[in-house]
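**Student:** Dock chain V against the given chain S, drawing on the hints supplied.
Residue numbers (our numbering), protein chains in the order written: chain S, 41 to 220; chain V, 80 to 474.
I should point out that these hints are in silico values taken from the structure, not numbers from a laboratory.
Heads up, a few of these hints could be off.
[Claimed, not checked] Lysine-lysine pairs mimicking DSSO-like chemistry, simulated, CA-CA at most 27 Å apart:
no., chain 1, residue 1, chain 2, residue 2
1, S, K165, V, K286
2, S, K53, S, K204
3, V, K286, V, K347
4, V, K154, S, K96
5, S, K154, V, K154
6, S, K165, V, K139
7, V, K347, S, K165
8, S, K96, S, K154
9, S, K204, V, K154
10, S, K154, S, K165
Owing to the predicted nature of the structure, the values given are computational and were not obtained by experimental measurement.
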Amino acid sequence: MAEIMPIIAELEKRFAVTHIPLGGVPSAPPGQPAGQPAPPAQPAPQAFSVTEPIVKVDPKKILAVCSFLAASGFDYLLTVTAADFPQRIEVLYFLCSMSGRLRLELKCELPRDKPEIDSVSGVWKAALYPEREVYDLFGVRFRNHPDLRRIFLEDEFEGYPLRKDYTSDFLVKMPEVGFR
Amino acid sequence: MTAPETIAERMAKDVIEQPVRHEVTRDLWTDDFNVNIGPQHPSTHGVLRLVVTLDGEVVKKVQPYCGYLHRSIEKISENRTLLQLVCFSDRVDYVAAMNANLAVCLAGEKIAGIEVPERGQYIRVIMAELNRIASHLLWFGDFGLNLGAGTPFFYAFREREQVINLFEEVCGNRLTYNYIRPGGVAFDLPEKWVERCQSFLDYFLTKLPEYHRLVTNNPIFQVRTRGIGVVTREEALNWGLSGPSLRGSGVDFDVRRDDPYEVYANLKFRVPLGTRGDTFERYLCRMMEMESSVDIIRQCLEKLPGAQGGHAKKVSMLARIPANREVLVRTEAPRGEMSVYMCSGTGGPKPWRVKYRTASFANLAALDQLSRGYKIADLMAIFGSLDVVIPEIDR
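Here chain S stands alone, though its shape is the one from the complex (with noise of 0.2 Å):
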């Protein structure tokens, strides 16, 4: 079974991509109490995957990382989504390979008031629909998709629902009562 560390060894020296290895819930240390997760040494820097290996790529290069990927094995996209934070957009890219069962997800970070993105539909088709989503919800634009438009709201509605500022007369809030 081939390796996933290679890979991400050859995609820091090309692309000069940030990695960040798997994390968890430590084991506990002799003498506390097992269950009880300890706290880690040091607080982590950036957010981890308890599941997979994450690759951190500038957005300018993520069409030649996806078409290095999809050259070395990564035949199979798993999806394409986003998460919105106060200052940054993550767009996620979920890839594995079917030979290697390889795991792997790339992280882009693009700024919030322009966000914009070379599609990786030409890599694999399975990102064409995935696209659409993230540019319907996120606002987040594919350059080079064949296709982007909104794929679940009407073509004329506003804002991006899954932004975190997005309000609407229709998103009724869940009271914090009991949420200390």
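**Tutor:** Structure of chain V alone, referenced to chain S:
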């Protein structure tokens, strides 16, 4: 691990000639003709609109328009605690609500570091596989309807009713169960349930050959499905097909076996594979999956550990998620791969972002590719063979 049996082996006596894809280049040209199907067409399994571009009878292009059932479940989930958001996953895929429950619970447990007792894990797998049988049965009946056969529907629902009754005994609900919860399952199995489940499985195995006699070996059915909607292995991977639709094209991948979650690593089961990737093989993959589901449930019922009442670990209503974590959990739902991405952001009882990667959404995207060059009469057969559930597309 047993060697996967290919469908080609099983259907060795292949006598029916393969139809070919029609080239859309002919001496006599007709103008393109757009046909609007839906949003309320009985074959579309819900409200989905297809705009089909035709050249004569041959499909040139299919454009799906979705969103009629968009209920912003992902946005709602951002405002709910781990326990509260489980009931919304029922509505993501109402035909296989147990599997959707399982996916979102696994994500929540991984990100919050909750462990599930072994008995709870086995009960979860039993429920997920029973729901797979129920879901495939519903699809089987519906697929018959898509092809103009009314009888399979009644056969399938006769058996599906029994599965639903089993679920009702366990959790009181018949469609949206909300049974699998973070930390385990909501209730333990009632008295004598294991015996009733076993007798259902015995009964069900006697009924499967009946389906094959009625539908699989039917010459009309075979002519309408063989060689239709062919997708090659490379295309299937590139388009991101998953589940039986991917395995019908010969990709030997099943999340349950290759990336095991819960107790699937302790179980032995067959993963049916196709070779040609046509509508018929996608159909056979699903039919044979029901057999392997029966196998799995039998093993689980035998191994079911622990005493009555050990089905769950108590999880606080306000179970906190540590900050700066994310997780992607991959599970094999009946329609294909259902993955849930969860990210905790600043931490607290609510997740920052929840994303459902559903198989129907990915499979629908490939419909255009699959149906180009076939007759419009085959469109519903191809569409049916992808086993699309509309709420799963729109979410």
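**Student:** Work down the list of hints and note, for each, if the structure agrees.
**Tutor:** Evaluated hints:
1. S:K165 <-> V:K286: Outside the cut-off at roughly 40 Å; violated.
2. S:K53 <-> S:K204: violated (35 Å)
3. V:K286 <-> V:K347: holds (23 Å)
4. V:K154 <-> S:K96: Holds: V:K154 and S:K96 sit about 25 Å apart, inside 27 Å.
5. S:K154 <-> V:K154: Roughly 22 Å between the alpha carbons, so the hint for S:K154 and V:K154 holds.
6. S:K165 <-> V:K139: Holds, because 18 Å separates the two Cα atoms, which is no more than 27 Å.
7. V:K347 <-> S:K165: With Cα atoms ~34 Å apart, V:K347 and S:K165 exceed 27 Å; violated.
8. S:K96 <-> S:K154: Measuring from Cα to Cα gives roughly 19 Å; hence the hint holds.
9. S:K204 <-> V:K154: holds (9 Å)
10. S:K154 <-> S:K165: holds (25 Å)
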